[in-house]
Amino acid sequence: MAGHSKWANIKHRKGRQDAKRSKVWSKCSRAIIVAAKNGGGDPTMNLTLRYAIDEAKSENMPKDTIENAIKKGTGDLEGINYEEVVYEGYGPNGVAILLDILTDNRNRTAGEVRKIFERGNGNLGTTGCVAYIFSSKGQIYIDRANVEEEKLMDLALEAGAEDVVDEGEAWQVVCEPGAFIAVREAIEGAGIEVASAGVTMIPNNTVECTGDDARKVLTLIDNLEDHDDVQKVHTNADIPDEELAAIE
Numbered sequence: 000m001a002g003h004s005k006w007a008n009i010k011h012r013k014g015r016q017d018a019k020r021s022k023v024w025s026k027c028s029r030a031i032i033v034a035a036k037n038g039g040g041d042p043t044m045n046l047t048l049r050y051a052i053d054e055a056k057s058e059n060m061p062k063d064t065i066e067n068a069i070k071k072g073t074g075d076l077e078g079i080n081y082e083e084v085v086y087e088g089y090g091p092n093g094v095a096i097l098l099d100i101l102t103d104n105r106n107r108t109a110g111e112v113r114k115i116f117e118r119g120n121g122n123l124g125t126t127g128c129v130a131y132i133f134s135s136k137g138q139i140y141i142d143r144a145n146v147e148e149e150k151l152m153d154l155a156l157e158a159g160a161e162d163v164v165d166e167g168e169a170w171q172v173v174c175e176p177g178a179f180i181a182v183r184e185a186i187e188g189a190g191i192e193v194a195s196a197g198v199t200m201i202p203n204n205t206v207e208c209t210g211d212d213a214r215k216v217l218t219l220i221d222n223l224e225d226h227d228d229v230q231k232v233h234t235n236a237d238i239p240d241e242e243l244a245a246i247e
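Residue numbers for the sequence shown follow numbering that gives the first Met the number 0, so the first one is 0 and each next one is one higher.
No false leads were slipped in.
Taking lysine to aspartate or glutamate and the EDC-like style, the derived pairs with C-alpha atoms no more than 16 Å apart in a straight line are:
1) 36 with 83
2) 136 with 162
3) 5 with 166
4) 5 with 207
5) 150 with 165
6) 5 with 165
7) 70 with 41
If you are wondering where the hints come from, they were derived from the structure by calculation, not from laboratory data.
As the structure is a computational prediction, the values presented were derived from the model and not from experiment.
Go ahead and model the full structure; you've got the sequences and the hints to work with.
Below, the structure is given as structure tokens:
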């Protein structure tokens, strides 16, 4: 859609998160701990752990910090016992919001997240109220200047990708979570630099937000991401590039 770019939205949020580097590392550590606890400490045998380690590396997390998180998950080092929870709700303009949570106190986290929603003109919903809107997909972004569409399309589809989407200044490669590693390795193996990659929840439909609604949605997302127990915030808000530029 003209004037809209998922890549622009992702870059905007990434820039906001970069200002909170220590908090981002803390969340990466939690993800690694839980993945190692649930599936073991070998990333070659535990894809969830490999995803978590790759994400930590993309955030320039130190190698020894990653290794210590793995040891805490496997029990080789003492660590906190985190519980995985998914919260769902609505933000301004009726946008759907899905939260990945890792907490050591579910009741405390629920109360705090509910207050953030309420202060942000939204509300915490019941289980299943918005989850049906999202699908788990692998997303890989490549600067369009780094590769021609035909070459990327052939490479990605052969490796198991579903589609290559034109995002203006970037190509977006979409795949099933199970194909994510193979597709990413095929792209990087061809010498093509990846700008951003990960397994995330993609909305099946979006809600356009402009003006004050856009500002309110971004503020709510920012406040949710700032909470220690919130790992990831997924939303179907579609904010035009010009709105992002004005807010920045």
